[in-house]
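According to our numbering, the sequence shown is numbered sequentially starting from 4.
It is worth saying that the hints were derived from the structure and are not from the lab.
Please read these numbers as outputs of a predicted model, since none were measured by experiment.
Careful, some of the hints might be misleading.
Said to hold, decoys possible - Only pairs whose alpha carbons sit at most 25 Å apart, straight line, appear in this in silico DSS-like list of lysine-lysine: (1) Lys134 / Lys201; (2) Lys134 / Lys245; (3) Lys55 / Lys7; (4) Lys138 / Lys245; (5) Lys201 / Lys245; (6) Lys201 / Lys138; (7) Lys201 / Lys239; (8) Lys5 / Lys55.
Said to hold, decoys possible - Label-pair ranges, simulated between beta-carbon atoms: (9) Phe255 / Trp223: 18 to 26 Å; (10) Pro110 / Gly222: 50 to 58 Å; (11) Lys5 / Arg244: 29 to 37 Å; (12) Tyr208 / Lys55: 43 to 51 Å; (13) Asn31 / Ile169: 23 to 31 Å; (14) Lys7 / Cys177: 55 to 63 Å; (15) Glu44 / Val118: 30 to 38 Å; (16) Val185 / Gly228: 19 to 27 Å; (17) Lys55 / Phe227: 39 to 47 Å; (18) Phe227 / Asp52: 46 to 54 Å.
Note that the Cβ used here is the ideal one computed from N, Cα and C, for glycine as well.
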Amino acid sequence: MKGKILAVGLISGEDGNRYTFEASDVSNLEGRSMENLTGCEVDFEVSGDMAKNIFITGRSINMANIQGQLMANDTQGIRFKFLLAIGIYFIGSIISLIPIVGWILGPILFIGAFVLFVMAVLGTKQTSESKTLLKNFILSLIIAFIAGIVAMIFGFIFGFSNSFGIVVAIIIACAGGIAAFVYHLLFFRELAFITGQKFLLWAVYLNVLGGLTAIIFIGWLILFGALALFILGFYKMQEIRKRTEADIMPWF
4 MKGKILAVGL
14 ISGEDGNRYT
24 FEASDVSNLE
34 GRSMENLTGC
44 EVDFEVSGDM
54 AKNIFITGRS
64 INMANIQGQL
74 MANDTQGIRF
84 KFLLAIGIYF
94 IGSIISLIPI
104 VGWILGPILF
114 IGAFVLFVMA
124 VLGTKQTSES
134 KTLLKNFILS
144 LIIAFIAGIV
154 AMIFGFIFGF
164 SNSFGIVVAI
174 IIACAGGIAA
184 FVYHLLFFRE
194 LAFITGQKFL
204 LWAVYLNVLG
214 GLTAIIFIGW
224 LILFGALALF
234 ILGFYKMQEI
244 RKRTEADIMP
254 WF
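All chains should be modelled from the sequences, with the hints used to inform the complete structure.
Below, the structure is given as structure tokens:
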């Protein structure tokens, strides 16, 4: 029978009756919480006043469901936030090319994408019980920020008087960039391991290769390929495994 989930543990069938169910009755729950199922269309078998062998055939897109996924720290909620962050960042990048309007809306969208990404990272850290995921993420940001600020200060103060200030600024920026990338790589290496999606780690390598070759056309194609792998990796994410001390994380 076909029906629709009205609330947690309650389905309205096409026969007009309502049936209760448990999470264990859903065949393709795929890490979603019961709260995130409200509004979903389902197929199910009737057993008295209960629904059994439930299969979700359509997802709800109502605001309550979206809000639930934003707040949820289950696999599907975290996956939703990662994908939404990438989508908003991509839209912001395009809008930023529009004079005046884009210069205002672009930064706002970038901030929104960053906040969503941080929320997803926090959820992943909590679910996986990782001791290093959030640390590596924060260190990569802090090192890049500090190195950038120090490099600009040296370049601005000493760059006008002699070339030494420019050289020092370049060295600081390069050293900081390399250090930040190390933690960036460690973060995505662990994230790929936790989610079981090597596409995320491969995307990092492609992103670096594309950045180094961006002065030629092939570099931009590689960058788009990296973006596609990021999206594919988060889209295919179906689990978040618990971290243990005995874990051995691959580099490829």
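Outcome of the hint check:
1. Lys134 / Lys201: holds, 20 Å
2. Lys134 / Lys245: holds, 11 Å
3. Lys55 / Lys7: The given pair, whose Cα atoms are some 14 Å apart, holds under the 25 Å limit.
4. Lys138 / Lys245: Roughly 17 Å separates the two Cα atoms, so the pair holds.
5. Lys201 / Lys245: This hinted pair holds, its Cα atoms lying about 17 Å apart.
6. Lys201 / Lys138: Within the cut-off at roughly 21 Å; holds.
7. Lys201 / Lys239: holds, 11 Å
8. Lys5 / Lys55: Answer holds: lysine 5 to lysine 55 is near 12 Å, not above 25 Å.
9. Phe255 / Trp223: 18 to 26 Å: For phenylalanine 255 and tryptophan 223 the Cβ distance comes to about 24 Å; the hint holds.
10. Pro110 / Gly222: 50 to 58 Å: violated, 25 Å
11. Lys5 / Arg244: 29 to 37 Å: holds, 34 Å
12. Tyr208 / Lys55: 43 to 51 Å: holds, 46 Å
13. Asn31 / Ile169: 23 to 31 Å: For isoleucine 169 against asparagine 31, whose Cβ atoms are near 58 Å apart, the range 23 to 31 Å is violated.
14. Lys7 / Cys177: 55 to 63 Å: holds, 57 Å
15. Glu44 / Val118: 30 to 38 Å: Given a distance of about 31 Å, which is inside 30 to 38 Å, the answer is holds.
16. Val185 / Gly228: 19 to 27 Å: The hinted range 19 to 27 Å holds for valine 185 and glycine 228, with Cβ atoms some 23 Å apart.
17. Lys55 / Phe227: 39 to 47 Å: Holds, since lysine 55 and phenylalanine 227 (Cβ atoms, about 46 Å apart) stay within the stated range.
18. Phe227 / Asp52: 46 to 54 Å: Roughly 53 Å apart at Cβ, these two residues keep to the hinted range, so it holds.
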